[in-house]
Each structure stands twice: as structure tokens, then as C-alpha cells.
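J.: Here's the letter readout for the chains.
2 protein chains.
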Amino acid sequence: MINTLLLPELREMLAEQNAAEMSEFCNSLHPARIAEFMEGLTAEECWQVLQHADANRRAEIISYFDRDKQVELVGTQDRDQVAELLSDLPPDDRVDMLDEVHNDVVDDLLSRMPTEDRRDIMRLRQYPEGTAGSVMTTEFAKLRESLTVREALAEIGRQAGQLETIYYLYIVDEDDHLRGLVSARQLVASMSKPDKKLSDLMETDLISANVMEDQEQVAHKVARLDLLAIPVVDQEYRMLGIVTHDDVLDVMREEATEDAHRFGAVDPLDESYLKTQILTLCWKRGVWLGLLFFFALLTAFALEAYDERLETWVWLVPFIPLVISSGGNSGSQSATLIITALTQKHITLGDWARVVRRELMMGLILGGSLALFGFGVAALFAPSLRDATVIPITLLLVVLTGTLSGSLLPLIFKRFGLDPAMMSNPFVAGIVDILGILIYLNVALLILNP
Amino acid sequence: MINTLLLPELREMLAEQNAAEMSEFCNSLHPARIAEFMEGLTAEECWQVLQHADANRRAEIISYFDRDKQVELVGTQDRDQVAELLSDLPPDDRVDMLDEVHNDVVDDLLSRMPTEDRRDIMRLRQYPEGTAGSVMTTEFAKLRESLTVREALAEIGRQAGQLETIYYLYIVDEDDHLRGLVSARQLVASMSKPDKKLSDLMETDLISANVMEDQEQVAHKVARLDLLAIPVVDQEYRMLGIVTHDDVLDVMREEATEDAHRFGAVDPLDESYLKTQILTLCWKRGVWLGLLFFFALLTAFALEAYDERLETWVWLVPFIPLVISSGGNSGSQSATLIITALTQKHITLGDWARVVRRELMMGLILGGSLALFGFGVAALFAPSLRDATVIPITLLLVVLTGTLSGSLLPLIFKRFGLDPAMMSNPFVAGIVDILGILIYLNVALLILNP
Numbered sequence: 060m061i062n063t064l065l066l067p068e069l070r071e072m073l074a075e076q077n078a079a080e081m082s083e084f085c086n087s088l089h090p091a092r093i094a095e096f097m098e099g100l101t102a103e104e105c106w107q108v109l110q111h112a113d114a115n116r117r118a119e120i121i122s123y124f125d126r127d128k129q130v131e132l133v134g135t136q137d138r139d140q141v142a143e144l145l146s147d148l149p150p151d152d153r154v155d156m157l158d159e160v161h162n163d164v165v166d167d168l169l170s171r172m173p174t175e176d177r178r179d180i181m182r183l184r185q186y187p188e189g190t191a192g193s194v195m196t197t198e199f200a201k202l203r204e205s206l207t208v209r210e211a212l213a214e215i216g217r218q219a220g221q222l223e224t225i226y227y228l229y230i231v232d233e234d235d236h237l238r239g240l241v242s243a244r245q246l247v248a249s250m251s252k253p254d255k256k257l258s259d260l261m262e263t264d265l266i267s268a269n270v271m272e273d274q275e276q277v278a279h280k281v282a283r284l285d286l287l288a289i290p291v292v293d294q295e296y297r298m299l300g301i302v303t304h305d306d307v308l309d310v311m312r313e314e315a316t317e318d319a320h321r322f323g324a325v326d327p328l329d330e331s332y333l334k335t336q337i338l339t340l341c342w343k344r345g346v347w348l349g350l351l352f353f354f355a356l357l358t359a360f361a362l363e364a365y366d367e368r369l370e371t372w373v374w375l376v377p378f379i380p381l382v383i384s385s386g387g388n389s390g391s392q393s394a395t396l397i398i399t400a401l402t403q404k405h406i407t408l409g410d411w412a413r414v415v416r417r418e419l420m421m422g423l424i425l426g427g428s429l430a431l432f433g434f435g436v437a438a439l440f441a442p443s444l445r446d447a448t449v450i451p452i453t454l455l456l457v458v459l460t461g462t463l464s465g466s467l468l469p470l471i472f473k474r475f476g477l478d479p480a481m482m483s484n485p486f487v488a489g490i491v492d493i494l495g496i497l498i499y500l501n502v503a504l505l506i507l508n509p
Numbered sequence: 060m061i062n063t064l065l066l067p068e069l070r071e072m073l074a075e076q077n078a079a080e081m082s083e084f085c086n087s088l089h090p091a092r093i094a095e096f097m098e099g100l101t102a103e104e105c106w107q108v109l110q111h112a113d114a115n116r117r118a119e120i121i122s123y124f125d126r127d128k129q130v131e132l133v134g135t136q137d138r139d140q141v142a143e144l145l146s147d148l149p150p151d152d153r154v155d156m157l158d159e160v161h162n163d164v165v166d167d168l169l170s171r172m173p174t175e176d177r178r179d180i181m182r183l184r185q186y187p188e189g190t191a192g193s194v195m196t197t198e199f200a201k202l203r204e205s206l207t208v209r210e211a212l213a214e215i216g217r218q219a220g221q222l223e224t225i226y227y228l229y230i231v232d233e234d235d236h237l238r239g240l241v242s243a244r245q246l247v248a249s250m251s252k253p254d255k256k257l258s259d260l261m262e263t264d265l266i267s268a269n270v271m272e273d274q275e276q277v278a279h280k281v282a283r284l285d286l287l288a289i290p291v292v293d294q295e296y297r298m299l300g301i302v303t304h305d306d307v308l309d310v311m312r313e314e315a316t317e318d319a320h321r322f323g324a325v326d327p328l329d330e331s332y333l334k335t336q337i338l339t340l341c342w343k344r345g346v347w348l349g350l351l352f353f354f355a356l357l358t359a360f361a362l363e364a365y366d367e368r369l370e371t372w373v374w375l376v377p378f379i380p381l382v383i384s385s386g387g388n389s390g391s392q393s394a395t396l397i398i399t400a401l402t403q404k405h406i407t408l409g410d411w412a413r414v415v416r417r418e419l420m421m422g423l424i425l426g427g428s429l430a431l432f433g434f435g436v437a438a439l440f441a442p443s444l445r446d447a448t449v450i451p452i453t454l455l456l457v458v459l460t461g462t463l464s465g466s467l468l469p470l471i472f473k474r475f476g477l478d479p480a481m482m483s484n485p486f487v488a489g490i491v492d493i494l495g496i497l498i499y500l501n502v503a504l505l506i507l508n509p
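Top to bottom, those sequences are chains B and D.
Numbering-wise (this note's numbering), the first sequence opens with residue 60 and increments by one.
Numbering-wise (this note's numbering), the second sequence opens with residue 60 and increments by one.
Everything labelled a hint here was simulated from the structure, so no lab data went into it.
You may find that some hints are simply not true.
Remember, identical chains collapse to one label, so a pair may be satisfied in a single copy or spanning two.
What the hints assert, rightly or not - As a list, the in silico DSSO-like pairs of lysine-lysine whose alpha-carbon atoms are at most 30 Å apart:
hint : residue 1 : residue 2
1    : Lys343    : Lys255
2    : Lys404    : Lys128
3    : Lys343    : Lys128
4    : Lys252    : Lys201
5    : Lys334    : Lys256
6    : Lys404    : Lys255
7    : Lys256    : Lys404
8    : Lys128    : Lys334
This structure is a prediction, so every number in the text was calculated from the model and none was measured.
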């Protein structure tokens, strides 16, 4: 869905080298819109157009480009200019970008950057993926508690130009230990008392994140408390950076995708679908597919064991898929409901008895309804109505097995400290398949073999 | 996971009616922590403790309670005090709360509130669920463009006490038409030019949302542009409120859960699992379970049609679940990958040829591997090695069918303007099941019946 509305005009400006129009284009609209209009241009063309924006605006527009185009720009354009651009980008964004650029290029670019920026990038690059440190930015408003409201406002006025955000002002001591927090709102609301000290204004019971903490945990903290940003500290409570609300949104989205992949029996991808290599994808699918194949093999062996019976009761065979899918589907429904309720903290382990009661009820209602239909169909194929009862009885039992395993397995996983999303739907379905076949064959033995 | 750490102490304070300690508890910690420590108390007990906090703090703490406890408080405690509390809560939160309270109680509470708050609540309650209007708050910083930086700062200082957030200051004309936006950061950074007019400072190319716009669309706008809030306007571009980053996070989470439910063949729930009535849950599951049952019936009829053949080739029967699950699982893997890539905009419809090529490749690799294993097992059961080839050939074809249907069906849905998540995995699996059985039987006919 590339926005091609202004593409002809942009290409014309470029062909004519019309500096006035390109400069106007770069400065007229919201940077995000400008980035959108440039989606159809090559990285090279974008770079040429952006020559007509001032450095700050250029950085802002580029920050809305998609990651591929950013990486291409960084990798191919004039190194000195790119180094300058990197200095203007938010610290967390540029580190993410450089992660995808060849190391030689990164080294060259770093050597062209001011010492402070270079150190900052190298520091951020050292935090392992998935930690708070890997998503934090190092630009935040930092003040001393001895300042008055008036002094603080003046200081923030000076810092504001360089900062992405000033909604929270962090109070640190001379060794950068985090001491407290004043919101911009509080500061502005206190302007009528300009001599008040920040130490009297600041909140000291702070919610913070450790730099090595799992990014998902950090995201949940921020979300639960509706924070705009959370301070990131080291073991000594020295303030290193902040994780902002937009990074939290990204983490949440990443996590939702990972869960969706697990639900679909795919090991979560590290990159987007098209960027992941086919063999990597095959591996991430193959592991699960292999496991589920193994489950299905067990089902095959179970059926094999009843080979001779099936030869006599061949009318049972067409119902095998019906039995299996009824159990598997009701099982994955229950697993989905319970896993999402667990991750959203709508239920806890303590609710297990209530969950089981509800799933039992639902199993009876849903299984009962399928059993009714199933009996109707079975009556057409079975030698007698009595024989036909195998199907409804099996369906009821299999759906019950599905709802109970689907709800209990995630709870059991959770109980043992494992991620319940690991107990993905197809896994539940695989287990319910085997149980379903065993139930089917045994019900048949009981009823047909008196 | 109720936090019971301070529960005994709190109960003791209540028994002793120790006002000093309760007041200290209410004012000592972050409101979110206080709410956490009170999780184990009843609504009645919470209310008693909170009598010792001032009105603002009380509202802040209560805003971190879970919805059930909030609703219970509102429904059971002293009406005048509750009305006062509601006036102190953010406009969007209190409307959400009142949505779950009985209408008689709401009317009574409204009659006890100041006219302005009452009108505000009644206005917000009229927007249908799922619209921008239903999640917006009406508290935002509003300024005239004729103000200077100095005047604006003073004005914001006055408004800040009432406002949740002041990171964006909205510039409106006398009829509340949205004219522009100044960020708090810009304002503070311009303090050195106190006589500059807001009209010279403000950004005028604004991203806004219509009050009736779908909340998911609004959330995506905010997320894509890393905004802290988005202004909500009516048809005449009159500013009505803002949707803030925390509401966006909630919308995103809601949406992720809906998608997860669809993936698991459950119609998305309107409420949490435990709060949804059993019969509603049965309905939301039954619709899909019934549809999938119907698919499985088709499979049964297909098998029934080959009844006599199966009697001769009874060794084929145990492999039925294996064939079905291999196709279904590889199909739902592909569907999951393509649906998540589509919702994340990692692929567009234009990529269909690339997607098909990739899925074809993966189908060959994964299907080929399963075929190898399958051949080994089939060799044990089949009358001859030649006969055994039915299994690997079927497995390869079925997995290919799975990957191709799993990837193409969501793309086709999208092409016709439908939500690709509707093409949920079990639906794909249902279709692949039938195709799988047909492939199996026809491969068998070809090879075993020369």
C-alpha cells in the first residue's frame, strides 16, 4: 500500500533539481506524512530530496521511514553526512538501525561521530536483545534536587532542544543515582511558587526497571501503571536511560505476534516473514510439525492395534476424522480462552476449580449438541440404531476431553513456571487426537462387542 | 496473585480505627502500589481506608483498582461521596465505570454531580463502543493562538491542576475548531522568547481522529506516529477530546486478544473469560465448532464413498489421522505466518507471488521430510514397498496443499476487503482436511489399482 499521490511531482522536482520546491515539500507537512509520500522513492532519491531539509527535520523524517530504507540509507550514502544524521537521531533508534548494518560500516561511521555519541552508541549496543537496556533511550531530562522551580524551568528550557521528551524530569545526585521524579505538569503547575525546591516537589517512591530486566516485564509495568516512561537503572540504582511509551507499544506488539505464532505451531520469528530465510522458517515450523507428526504416528499405531476390529466394523472408519477434529477443535478453543485469560491476568491459578467447572459445563453442552447431530448422521451408516450410539457417546466424551485438557494443560504449565503459551493449541490438539482415538475404539468395543 | 504483604496490618488499622496510620499508608507510596496492597480487602474495607486520603489521592488510588472493585464501590457506597469521587476521576475512566453500573444508580449519581461533570458524562456515554469517542477523554489543555509564550505558560500553570496531561497543548478558535498544536517541550524551549505568539510556534498539519472513527484505526495512527495523544474532532473539525497513549495500549491489547480468539476458532468475547456467561461462551464456540463439524462430515462422506476400497486396503486406515493432521498443521502454520505478516504490514497483497513461491518451497522441504519418515513407517504396514509409496506421495501433496491454502486463503480474504484474521487457522485446517482425504484416496486408487 505505497502512497503514490505525490510520486510524479517528487520525481519531477528531482529531475529539475528544483531546490525551492523540494525544500518546501520537506518543511510543509508533518514529518510522518512526508515519509509516507516518499515511500515510493528509492533510498538514493529520498536522500537527494532530504538534502533540502535542515539536519533536525531530516532526522525526524527519516525516523518515520521503514527499517529497510533506513538501513539502506545508512549503508550506502555519504559516510560523513550519515554520521551527522546518526547524531541527530534518538539514541535507541540509531542503535536499532546500526544492528542491521555491516560491522565495517558501523566502525567507519562511529569513527566519524563525536566522542560522546560514539560512546553512547557503543554502550547501548552491549545490552542483549530483549532486555530493558536494548530498548531504552539515553536522552532524558536530568536535574539536581537542590534546584528551585525557577532554576529547573530555565534548565529544562536549555535541555529541551536536545530531548525527545520532557514529560518526566528525573532527579539524580552527583553520581547519577536516581533520587526522584517531577513531572513537567507539576513543574508548570508550581510556577507560582518559583522558589520551591525540587526536593520538596519530587515523588520518591518510583517504579523503575533494571537494565537487564526482560523487556516484556518492563512493558507490562508501564502498561499497568499508564506511565509515559519508566527509568532504567543499574544494580547500584544509577540512572542509565528511559523506556518510553512508544517502545512499550512496540514490545507489546512483538509479544502479541510471538504468541500468535506459538498458537499456530510456529516458533516465533526474529525477523519479519519476508526477511526470514526459507530454511530458518522451515526449521521453526519443522520442529512443531515433527512433534505433531509424532503424535499422529501414535494415533496410527493405536488404530493399527485395532486393525482386525476395523475390518469388521468398517462403517466406523469415515467417522475417524469427525471424532478427531471435534476433540482437537474444542481443545484448542479451551486452550485459547485460558491462555489469553492467563496472559491478561483475568484468571489466576487459584481459579482452576472454577475454570474446570465452566469447561465441564461447556463440554457437556457443546459435546451434547454435536452428539445429537452425530447420532443423526451415524444412523444412516450404522447397521443398527444401537450400533449408531457409538458415535454420539464418543463425541460427547471426546469434546469433554478436549475442553478439560485444553483448559488444564495451560494451567499445569503455568503451575510449573512455564509459559502457558508454549502449550500451544496444536499441541493440545495433538494430545486430544490420541485420546480421542482411544476413546472411540473403546466405546466401539463396549457397545459393538457385548 | 493477590498481594497479601500488608493485609494483616491493614486489617489491624481498620479494627483499631487508627486514623494516623491509615492516612500515612494512603500518602506514603505510589498510588498504584497502594492499590496493589489493598487487593485483598473488600470494597467496603477499601472505602474505609481511603476515607483517610484526600479527595485527589483517593481518586488516583481508586483508578488503579480493578474494574470489578471500582464498580462495586460506585454501586454500594455513600452516593454523595461517590458522586464527589466521580468528579475527580478522569472523564474516560468514569464513563467506563458507569457503563457497568445499574442505570438507576447512574441517574441518582448524576443528579448529585455538578452540572458540568454531568453533561460531560452524558455526552461521552452517547458514543458507541469501539469508536474514538468511546475511548477519548475530555480533559486536555486548550489555548488560543493569540496568546504569547509567557501568557500560555501562566494559563497552563492554572489549568495543570485539573489536567491529566499537558504534553500537547491544543490551539482552538472561539468555536473550539482545532487550529494547531504546541508541545509542552516547544513551549518550555521557547521560554527565552516570552513574547512570541503561539500562532508562530504551533504546528498546523495535524493528525487527528474523527469522533466516530474505529478505535483500532485510531490506535494504529497513534502507534505508527509514536504520538502521546491524538486530538478527536467532529465533522466540523471542532475539538471534542483526546485519545491518550494508555488508551491506545488498551485498544491494542484488546485487539490482540480478539485475534488470538479468532485464531483459536472462538468468536471474540466482549468481556473477560470468567465474566462471560457459559451460554454466551457456548454460542461463541459453537458457531465455529459447528462449522468445523460440518467440514468433518464432508470428510466422512468422502471416506464413506470409498467404503469398499477401504475394506480391501485396511492398512490405509491408521494413516488417516496422520494425513489429516499433517495437512491441517502445515496449513495453520502458513495461515498464522501470513495473517500476522499482513496485520503488521510486513507484506501486502502485491507480495502474493513471492509468498506463494516461498510457501511452495517450504511445502516441498517440510512435506519432503515428513514423506521420508512416513515412508519408513508405511513400509512396516503396507503389503509391499510399492504400495507403501502411497503414504509419502500423499504426505508431500497434502503438506503442499496445506502451505498453499494456508497462505492464499488469507490473501484472498484480504483482496475482497474482508479481515484476513477471519480466515482463522481451524477454518484453513477444515478445508485442508477434506482436500487431504481426497488426495489420499486418489493417490491410493492410482497406485494400488493399476
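J.: Each of the hints needs a verdict: does it hold here or not?
T.: Evaluation of the provided hints:
1. Lys343 / Lys255: The answer is neither: 59 Å in one copy and 59 Å across copies each exceed 30 Å.
2. Lys404 / Lys128: Result: close only across copies, 15 Å inter versus 39 Å intra.
3. Lys343 / Lys128: Within one copy only: 27 Å inside a chain, 43 Å across chains, cut-off 30 Å.
4. Lys252 / Lys201: Intra 21 Å, inter 23 Å, cutoff 30 Å: intra and inter.
5. Lys334 / Lys256: Result: close neither inside a copy nor across copies, 53 Å intra and 49 Å inter.
6. Lys404 / Lys255: Answer is neither: 42 Å inside a copy and 50 Å across each miss the 30 Å cutoff.
7. Lys256 / Lys404: neither (41 Å within a copy, 49 Å between copies)
8. Lys128 / Lys334: within (14 Å within a copy, 46 Å between copies)
Hint compliance for this structure: hints 1, 5, 6, 7 are broken, all remaining hints hold.
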